[in-house]
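**Q** All chains should be modelled from the sequences, with the hints used to inform the complete structure.
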Amino acid sequence: SLVSVTAYQWAHRNALENTDSSPLQMIEINYLSRSQQFTQELRLQSNDTAARLKWVAGLYYMDETIKNATQQDILRDLRPLFTTPDNPTGVSLENSVAVFGTPYTQKTKGYAIFGQADYSLTDRLTATVGLRWSADDKDFDYRSTAEGSIILLESKQSKTFSDWSGRLGLRYAVNDDVNVYATYSRGYKAGGFFGGLATTPEELEPYDNETLDAYEVGVKSELFDRRVRLNLSAFYYDYQNQQVFAQALRNGLTVLVLDNAASSKVYGAEADLTARPTENLSITAGLSLLNAKYGEYESDGDDFTDNRLPQSPKVTFNVAGSYTYPLESGAALVASADAAYSSKVYFDNSNAARLSQDG
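Numbering of the sequence shown is given in the working numbering, commencing with residue 500 and proceeding in unit increments.
Pairwise CB distance ranges (calculated): (1) Ser720 to Gln810: 25 to 35 Å; (2) Asp737 to Ser648: 46 to 56 Å; (3) Ile649 to Ser520: 20 to 30 Å; (4) Gln524 to Lys843: 33 to 43 Å; (5) Asp519 to Ser849: 17 to 27 Å; (6) Lys843 to Ala514: 30 to 40 Å; (7) Ala834 to Gln524: 46 to 56 Å.
As a list, the in silico DMTMM-like pairs of lysine to aspartate or glutamate whose alpha-carbon atoms are at most 25 Å apart: (8) Lys606 to Asp707; (9) Lys658 to Asp640; (10) Lys608 to Glu704; (11) Lys688 to Asp638; (12) Lys688 to Asp805; (13) Lys688 to Glu795; (14) Lys658 to Asp638.
Source of the hints: derived by calculation from the structure; they are not laboratory data. These figures come from a predicted structure and were not determined experimentally. Even glycine gets a Cβ: it sits at the ideal position worked out from N, Cα and C.
**A** What follows is the structure in structure tokens.
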């Protein structure tokens, strides 16, 4: 059968943020942007659900335009310190006292061709093979301005980002209630251009594609007459050129730049449990063990090699339970409780203690 999926999206953002969270006007950002996106996907797929071979193949197209006019009002309450007869506005670019803008337009045309096949080698063993090639043509027209009329930086660039992604997998049905599986997946995230407040020409250079090689093994089971569902998995992720935001110091002001880490390694294990001991009682629980660190990564003179990835706690755990008490009227009373735990987590690449949260 042939399946066609057509979509159009439009978005408009106008949001004012008091970033310094104080009564003073120190850092206020007005996020202004408009975007529109058209996508078209055509899929040709098999229909026989009982066949040994099930397959899908398709084409994808995207046309997207983003227009940004975000403004950052920096250190406005310090302007009296720099006000002179020759400078009545108090603007001081060397001290980052001004309204900075980052107007840009980015146009992207994306293309992809893909296919996947699932083949039953035996009644219990199924193999999966999938492949996708993607390309994104990006045109980027950027200006960094101060006070609306002072042009600090300009950039007009075009570049095509392309790569392949895919999936290999085996799934074995031990019985009707237990399945084991092993998969390899390659992921791809297109490169692009930094649209934030750039302060040097180097920050406007395109960042590279991010790729991910992911390996996973696991078991999915439903036990005790399907009153208990238990899933276990272990995984290893190898990121190359991971796209990350890094802090950089410019004219005494900390700014965010988009960069590529050389590599990151992530491995761990997960377990989740859903149990229904009685008709009215339901229990869920989950456990995650994670080790996520940068490999080689240096940025703006800082070495983040072997640092933990932001927001990647070593241990997380959650448990919840609910009991439903039906009433004669047909309504019900529900009592529930839940708890969650997360070990220490960092919120920046440097693993600074002041930007961390203990477990």
